[in-house]
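Order-wise, the sequence lines are chains E and P.
In short: position in the first sequence from 1, add 8, done, that's my numbering.
In short: position in the second sequence from 1, add 386, done, that's my numbering.
Hints were generated in silico from the structure; no laboratory data involved.
Don't take every hint at face value.
Unchecked claim - Here are some, though not all, of the chain P residues that point toward chain E, as calculated from beta-carbon distances under 10 Å:
#, residue
1, E457
2, T461
3, T508
4, G551
What the hints assert, rightly or not - Residues from chain P that keep clear of chain E, each with C-beta distances beyond 12 Å, as calculated:
#, residue
5, E412
6, P417
7, V459
8, E509
The C-beta atom is built at its ideal place from N, Cα and C for all residues, glycine as well.
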Amino acid sequence: MASITIDGKVFEVDVKNNLLQECLSHAMDLPYFCWHPSMGSVGSCRQCAVIEYANEEDEKGRLVMACMTEPREGARYSIAAASKFRAQAIESIMINHPHDCPVCEEGGECHLQDMTVMSGHTYRRYDGKKKTHNNQYLGPFINHEMNRCITCYRCVRYYKDYAGGTDFGPQASHDNTYFGRWQEGPLESEFSGNLVEVCPTGVFTDKPFSKHYSRKWDLQSSPSVCTGCSVGCNTNPGERYGTLRRIVNRFNDEVNGYFLCDKGRFGAEFVNSSERIPVNMMRDSHNAAPIQIEPDAAKEALKNAAKSAVGIGSPRASMEANFALRELVGEENFYAGIATEELDMLNKIIDIYQSKPVKIASVKDIESSDAVLILGEDLTNTAARLALGVRQSVKNLGRQMGADLNFPIWHDAAIRQLAMDKLSPLYILSPHTTRLDDIAHTTHISSAAHSAKIGMAIAHAIDSTAPDVAGLSKEEKALVNEIAESLKSAKQALIISGTSSLEPALLDAASNIATALQSGDDKANLALVSSESNSMGLALMMQGNAKSLEQAMSASSKTAIVLENDLYRRAPSADVDAFVNSLDNLLVLDHLKNRTGEQANLVLAAATFAESSGTFVNYEGRAQHYYSTFKSDSNIRSSALWLSDKHFNEITAACAVAIANCGAIAELTPGENYNFAGLKAPRQHHRYSGRTSMRANISVHEPKQEQDEDGVMVYSMEGVPAIKDAAVLNSPWAPGWNSNQSLFKFQEFAGGPLKQASNGQRLLSNNSAEKTWYEAGNSDDTSEGYKVFPLYHLFGSEELSAYTPAIQEKATSAYVSLSPEDAAKLGLQASDGVQVEHNGAVPFIVRESIQPGTVGVSVGLKGLNFQDMSAAVSLDKAADWKNPELWRAANIIVSDKRVEGAD
Amino acid sequence: MTNIIASTALKARQLTEEEIHEIEHEKTHYPYAQAVGLEALKIVQKYQGWVSDESLLAVSEYLDIPPDDLEGVATFFNMIFRRPVGKNVILLCDSVACWMLGCDDLKAHITSTLGIDYGETTEDDMFTLIPVPCLGDCDKAPSMMVGRELYRNLTNEKIDQIIAGYKAKA
Ligand code: SF4
Ligand code: SF4
Ligand code: FES
Ligand code: FES
Numbered sequence: 009m010a011s012i013t014i015d016g017k018v019f020e021v022d023v024k025n026n027l028l029q030e031c032l033s034h035a036m037d038l039p040y041f042c043w044h045p046s047m048g049s050v051g052s053c054r055q056c057a058v059i060e061y062a063n064e065e066d067e068k069g070r071l072v073m074a075c076m077t078e079p080r081e082g083a084r085y086s087i088a089a090a091s092k093f094r095a096q097a098i099e100s101i102m103i104n105h106p107h108d109c110p111v112c113e114e115g116g117e118c119h120l121q122d123m124t125v126m127s128g129h130t131y132r133r134y135d136g137k138k139k140t141h142n143n144q145y146l147g148p149f150i151n152h153e154m155n156r157c158i159t160c161y162r163c164v165r166y167y168k169d170y171a172g173g174t175d176f177g178p179q180a181s182h183d184n185t186y187f188g189r190w191q192e193g194p195l196e197s198e199f200s201g202n203l204v205e206v207c208p209t210g211v212f213t214d215k216p217f218s219k220h221y222s223r224k225w226d227l228q229s230s231p232s233v234c235t236g237c238s239v240g241c242n243t244n245p246g247e248r249y250g251t252l253r254r255i256v257n258r259f260n261d262e263v264n265g266y267f268l269c270d271k272g273r274f275g276a277e278f279v280n281s282s283e284r285i286p287v288n289m290m291r292d293s294h295n296a297a298p299i300q301i302e303p304d305a306a307k308e309a310l311k312n313a314a315k316s317a318v319g320i321g322s323p324r325a326s327m328e329a330n331f332a333l334r335e336l337v338g339e340e341n342f343y344a345g346i347a348t349e350e351l352d353m354l355n356k357i358i359d360i361y362q363s364k365p366v367k368i369a370s371v372k373d374i375e376s377s378d379a380v381l382i383l384g385e386d387l388t389n390t391a392a393r394l395a396l397g398v399r400q401s402v403k404n405l406g407r408q409m410g411a412d413l414n415f416p417i418w419h420d421a422a423i424r425q426l427a428m429d430k431l432s433p434l435y436i437l438s439p440h441t442t443r444l445d446d447i448a449h450t451t452h453i454s455s456a457a458h459s460a461k462i463g464m465a466i467a468h469a470i471d472s473t474a475p476d477v478a479g480l481s482k483e484e485k486a487l488v489n490e491i492a493e494s495l496k497s498a499k500q501a502l503i504i505s506g507t508s509s510l511e512p513a514l515l516d517a518a519s520n521i522a523t524a525l526q527s528g529d530d531k532a533n534l535a536l537v538s539s540e541s542n543s544m545g546l547a548l549m550m551q552g553n554a555k556s557l558e559q560a561m562s563a564s565s566k567t568a569i570v571l572e573n574d575l576y577r578r579a580p581s582a583d584v585d586a587f588v589n590s591l592d593n594l595l596v597l598d599h600l601k602n603r604t605g606e607q608a609n610l611v612l613a614a615a616t617f618a619e620s621s622g623t624f625v626n627y628e629g630r631a632q633h634y635y636s637t638f639k640s641d642s643n644i645r646s647s648a649l650w651l652s653d654k655h656f657n658e659i660t661a662a663c664a665v666a667i668a669n670c671g672a673i674a675e676l677t678p679g680e681n682y683n684f685a686g687l688k689a690p691r692q693h694h695r696y697s698g699r700t701s702m703r704a705n706i707s708v709h710e711p712k713q714e715q716d717e718d719g720v721m722v723y724s725m726e727g728v729p730a731i732k733d734a735a736v737l738n739s740p741w742a743p744g745w746n747s748n749q750s751l752f753k754f755q756e757f758a759g760g761p762l763k764q765a766s767n768g769q770r771l772l773s774n775n776s777a778e779k780t781w782y783e784a785g786n787s788d789d790t791s792e793g794y795k796v797f798p799l800y801h802l803f804g805s806e807e808l809s810a811y812t813p814a815i816q817e818k819a820t821s822a823y824v825s826l827s828p829e830d831a832a833k834l835g836l837q838a839s840d841g842v843q844v845e846h847n848g849a850v851p852f853i854v855r856e857s858i859q860p861g862t863v864g865v866s867v868g869l870k871g872l873n874f875q876d877m878s879a880a881v882s883l884d885k886a887a888d889w890k891n892p893e894l895w896r897a898a899n900i901i902v903s904d905k906r907v908e909g910a911d
Numbered sequence: 387m388t389n390i391i392a393s394t395a396l397k398a399r400q401l402t403e404e405e406i407h408e409i410e411h412e413k414t415h416y417p418y419a420q421a422v423g424l425e426a427l428k429i430v431q432k433y434q435g436w437v438s439d440e441s442l443l444a445v446s447e448y449l450d451i452p453p454d455d456l457e458g459v460a461t462f463f464n465m466i467f468r469r470p471v472g473k474n475v476i477l478l479c480d481s482v483a484c485w486m487l488g489c490d491d492l493k494a495h496i497t498s499t500l501g502i503d504y505g506e507t508t509e510d511d512m513f514t515l516i517p518v519p520c521l522g523d524c525d526k527a528p529s530m531m532v533g534r535e536l537y538r539n540l541t542n543e544k545i546d547q548i549i550a551g552y553k554a555k556a
């Protein structure tokens with residue numbers, strides 16, 4: 009800490025931060041563009057200029073960039089004295105700007121607008137000709153409007169330096185400076201959407217949003233959580249006229265920070281899908297035509313059926329919904345709704361987190377690790393935000409090199425120059441190349457079972473009391489020792505694995521390695537990725553029992569209630585068919601039409617995350633609450649409220665009491681008594697427009713305000729917006745700060761954790777120091793045929809986001825991936841298809857990294873059900889093949905060479 | 387489909403043996419192959435006259451540099467030509483000293499003689515006219531370069547002679 013004087017006032021500042029950050033942290037309005045809390049400073053925009061005085065006598069001082077200045081003890085600065093310079097700086101960067109705010113989608117939440125006003129540059133003097141640029145087609149997610157650029161370079165620093173993208177960059181110089189791709193085409197990075205928030209002006213805007221655009225102040229918003237995967241990134245959905253318009257990032261210091269993946273940002277419009285189940289339908293028998301029934305009658309029918317039903321829960325439904333189903337059918341009749349294999353693995357994760365001497369790693373922990381081992385998890389496709397976190401972890405060597413030379417941590421350009429290509433170690437064991445290979449020290453190609461063996465050997469090499477394995481090649485043994493050494497010598501090692509490869513031995517190995525690394529208080533970070541937004545919550549609900557979908561299907565009940573779950577994604581089609589046919593009464597609660605719902609006798613229209621509140625438990629066992637963003641029409645209800653007569657909060661409270669480890673889920677919201685001076689927190693901005701007229705075509709009378717489930721927020725502009733308290737913030741805003749940059753006003757310090765907000769609650773913890781080991785299994789697979797491994801796609805594999813048009817444009821139909829040897833053996837030409845046993849034929853690609861005798865099969869993509877695969881399959885050249893319409897090989901972005909079926 | 391990347395239709399040109407030879411030689415001066423990007427573009431331009439998309443891709447593949455990075459380099463330096471130029475590139479200085487001594491008139495003269503403005507090439511592909519800032523020859527301003535030749539103390543008459551000289555050589 010140091011004390012400094014700014015414009016005559018004395019402040020205590022943290023010398024580790026730069027002066028700009030400290031000014032913002034002390035609630036001073038100092039304009040800036042290029043600095044970003046996650047990306048540090050480069051001093052390129054010249055907007056944060058202040059005057060620094062040499063000593064007490066100095067009256068003139070000198071101009072310095074606050075973002076490039078380390079605050080010195082006793083130093084004297086002035087923000088006011090540099091105001092003219094800042095106004096001139098902005099005037100010069102605005103010379104070519106088209107002043108098109110009224111038609112610009114950034115307008116109203118534009119950092120450039122805010123800073124222009126703040127700097128006092130209110131009158132444009134330049135009347136010369138402006139430079140204009142061509143815009144590029146950048147794919148389905150992002151609009152490009154280059155003329156609005158102020159050359160702050162944030163986009164490049166984000167896209168290339170932060171997110172590791174290679175297909176984007178700065179071009180030309182001075183007036184011609186251009187930010188785009190060398191040839192137009194879809195951006196390849198899975199994190200491109202953050203450009204929308206990183207760019208301080210309207211160059212990059214959200215393309216799907218622009219199709220049904222609304223100003224920020226006209227959007228109704230609430231704190232929410234992404235449903236895309238098990239990371240549980242925090243989001244801010246925005247609604248207008250009853251449809252979900254967009255998703256933006258919601259800061260969570262420990263989880264997603266400032267960034268989302270593109271599935272999270274662009275994959276939520278399934279809420280508006282034409283495939284939504286809009287009303288409740290009932291039919292007497294399987295073959296009868298369904299008829300619409302009123303909500304109360306539907307609920308009555310559900311209750312009656314529940315008396316003798318099995319309840320099948322879901323890893324994508326909230327804790328409350330799963331619990332309400334469990335209450336309704338009775339604990340003994342409640343089943344997990346996922347396959348035994350997956351449930352066992354989730355139970356194992358809970359066991360590891362609770363009983364092994366390891367540290368459960370949040371994304372923030374991942375970013376601060378300095379040696380990483382990924383065991384069989386294709387992170388970019390299964391838990392994308394973690395992959396972005398791993399990209400930050402490898403930069404820790406450079407940061408350390410900088411720290412050794414006393415470089416300030418925020419001095420981004422200096423540290424990058426110093427580090428050049430030196431990266432902290434990252435090792436990947438995977439059956440195919442991955443999107444993180446460019447930063448990996450080694451990517452070792454081996455099957456999941458074999459990777460588990462290697463993992464076991466690594467644990468043994470670190471701690472010889474851990475069980476050893478036989479059967480590794482000489483090269484592999486050398487690799488084992490190298491990885492063991494690298495993890496041992498790290499300050500903070502991190503092991504990542506997960507359930508996606510359906511290989512439990514990988515979890516054993518990950519656990520053993522992390523356990524082996526423990527010594528005293530030093531524990532290794534461990535992140536075990538699960539598959540869906542509430543997989544871990546569902547597993548917790550099962551309390552360690554093994555009541556999987558298979559057991560539900562053999563329970564010989566005549567009635568089943570299926571909660572937000574398409575069973576065909578969980579078990580082989582034949583098994584599900586047999587189960588459904590054995591039932592007299594199938595009741596389904598879901599948002600979207602699917603194969604299970606089509607066969608139901610009663611379908612209840614279930615609210616999505618956007619129309620209901622709930623709790624999800626992410627891969628770390630972190631419970632997070634999401635507030636409904638808007639109220640759907642009366643036919644649609646939150647599943648929890650379909651299944652229970654209780655008040656929503658009572659369901660949460662009962663679940664917290666009944667389910668072990670889940671006590672904290674009742675503490676995630678400020679509770680229904682929350683108020684400020686008697687008023688609740690509004691979901692709408694105080695500038696929300698059209699309130700009295702937007703329904704005038706239906707009725708000129710304003711309806712009564714909708715009631716909220718949690719009782720914390722209201723569907724209205726009335727109420728007291730959280731000014732500093734971010735716990736119930738609809739979206740960040742502060743006077744003079746209309747853009748997302750206003751976030752710092754809600755943080756403890758600029759870039760730091762939110763004041764008073766909840767980062768969620770970790771439900772699992774351990775303080776054990778006892779090392780216990782998993783034994784190495786004998787998992788040598790002897791099945792005949794091509795050994796199948798799953799291939800996940802960020803865009804398309806996940807069920808709900810796959811209903812979103814922008815995601816569909818980035819997805820492809822199902823396919824298999826083969827080694828060049830096997831493709832030759834099967835006599836495949838580029839335009840051929842591959843017959844996969846009796847399961848149908850699909851297009852293929854050839855990847856050099858794939859081992860002969862193995863085949864990658866896409867998961868969740870249209871055209872082939874991964875659940876129908878056995879461990880090994882026979883492959884043949886398909887007869888009379890024509891590639892399906894949805895086949896888009898260009899959307900499969902992999903680093904190893906490939907040939908593909910004609911596009 | 388809109389999502390077929392335009393660049394996938396592009397194929398890299400095969401680098402010539404001479405080009406590869408020179409690029410390999412440059413590589414020996416730098417610790418990373420990636421550092422040779424600019425030199426490789428200059429080599430390609432030396433042999434091809436300019437850097438086409440196909441050439442840029444060829445260098446990108448040869449040195450394992452993303453084409454976006456190379457494009458950044460190629461467009462930053464205005465002496466790397468990303469569009470075809472004429473056989474002789476006229477670089478007319480339009481910086482302060484030359485401006486004071488009448489480069490604007492010279493430019494007008496060239497434009498009327500050859501029928502080309504800045505950035506344009508004569509129809510017979512003989513000349514391309516490009517402005518440059520200060521050739522470092524201010525004491526003999528106004529000046530210009532044609533190819534690698536420097537011409538100083540220019541007048542309209544001198545320019546006529548120079549142009550005639552190049553035409554005669556062709
Ligand atoms: S495009 Fe946006 S982020 Fe990139 S330099 Fe221009 S203004 Fe900055
Ligand atoms: S990483 Fe997962 S939770 Fe985060 S935004 Fe992407 S899909 Fe959503
Ligand atoms: S924020 Fe300091 S120079 Fe840009
Ligand atoms: S100004 Fe023309 S050579 Fe210097």
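Checklist line | Hint numbers not upheld by this structure, sorted from lowest to highest | finding: 3, 4, 6, 7
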